[in-house]
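J.: Residue numbers (this note's numbering), protein chains in the order written: chain A, 1 to 144; chain B, 1 to 113.
Think of the hints as simulated: they come from the structure by calculation, not from any bench. We put the CB at the ideal spot given by N, CA and C, even for glycine.
Simulated pairs of lysine-lysine, BS3-like, Cα-Cα distance not exceeding 27 Å:
1) 91/A to 138/A
2) 91/A to 107/B
3) 138/A to 100/B
4) 112/B to 91/A
5) 100/B to 91/A
6) 112/B to 12/B
7) 138/A to 9/A
8) 100/B to 12/B
9) 107/B to 12/B
10) 91/A to 12/B
11) 138/A to 107/B
Label-pair ranges, simulated between beta-carbon atoms:
12) 77/A to 21/B: 30 to 36 Å
13) 124/A to 85/B: 28 to 34 Å
14) 142/A to 71/B: 17 to 23 Å
15) 107/B to 124/A: 19 to 25 Å
16) 22/B to 131/A: 29 to 35 Å
17) 10/B to 18/A: 35 to 41 Å
18) 102/B to 9/A: 35 to 41 Å
19) 48/B to 17/A: 27 to 33 Å
20) 17/A to 111/B: 28 to 34 Å
21) 17/A to 66/B: 23 to 29 Å
22) 79/A to 54/B: 39 to 45 Å
23) 124/A to 112/B: 23 to 29 Å
If you want the building blocks of each chain, they are given just below.
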Amino acid sequence: MTTSRAISKIEELIPQRSPIMMVDELLEVVGDECTCRLVVREDNFFLEEDGMMAEPGVIEHIAQSASAFAGYRAVADGATEPPVGYIGEVKNFRLNRRPRLGDVLDTTICMGATVGGVTIITGTTLAGQETIAETQMKIFVRED
Amino acid sequence: MSEERAEGLSAKFHLAILPECTVYNGHFPGDPVCPGVCNIETIKECAILLAGEQLRYSAIRQCRLTALATPTVCPEVDVQIVLSPAANGYGVQATISDEKQTYMILKGQLDKA
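Here chain A stands alone, though its shape is the one from the complex:
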């Protein structure tokens, strides 16, 4: 069991860079769960003209939250570079509303089993107390 806060710079945990960084920080890790945060700012890659985030941006935020969790574990195991992962499947994604400019998104990732390099995760994204989105995903981690 690990609990920690203000864990690392996010660039040390995920391989994505501007303009498509969709996690600001990994807030907390507790066992097989972590929580990541993204503030929706004006320069967000997925922000649309009406000040709302396009739906795929929420999926990317959840995927990068899982990536940050994988990066946290890899760094703890001595890795010097964050692992590169790809979305293999999105399943049962439900979006209640698009995030809007200024929203603080807190996403909880529950990391499931890894079989053959594929990890099953569930993600839930809140803005305050409001559930924005939920999904399951399969993530492939590239073996270099």
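Fit chain B to the known structure of chain A by using the hints.
T.: Only chain B this time, still in chain A's reference frame:
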């Protein structure tokens, strides 16, 4: 981009993946890979052209990313879309593929915006 319409609400779109898109600066530096979510957005934008009205995803039942898409691997792809009328918009079934392989298979719900 070109578009071939079939009977009813189905169509095949042919589009180019542009290697100069800024997204590749960050996904990933020195290793351009099409973000799967951008392909999900592409399917929506094709569906909007097909339906002739603004649509947004409310749900994705299943989206399988069956091969890695990059501007080098697949500089041009076909997007095949079928829209079925549903309560608040359309059910959508779509694939992204080229002559070599299929990159994405999606089943979801697009609501009228």
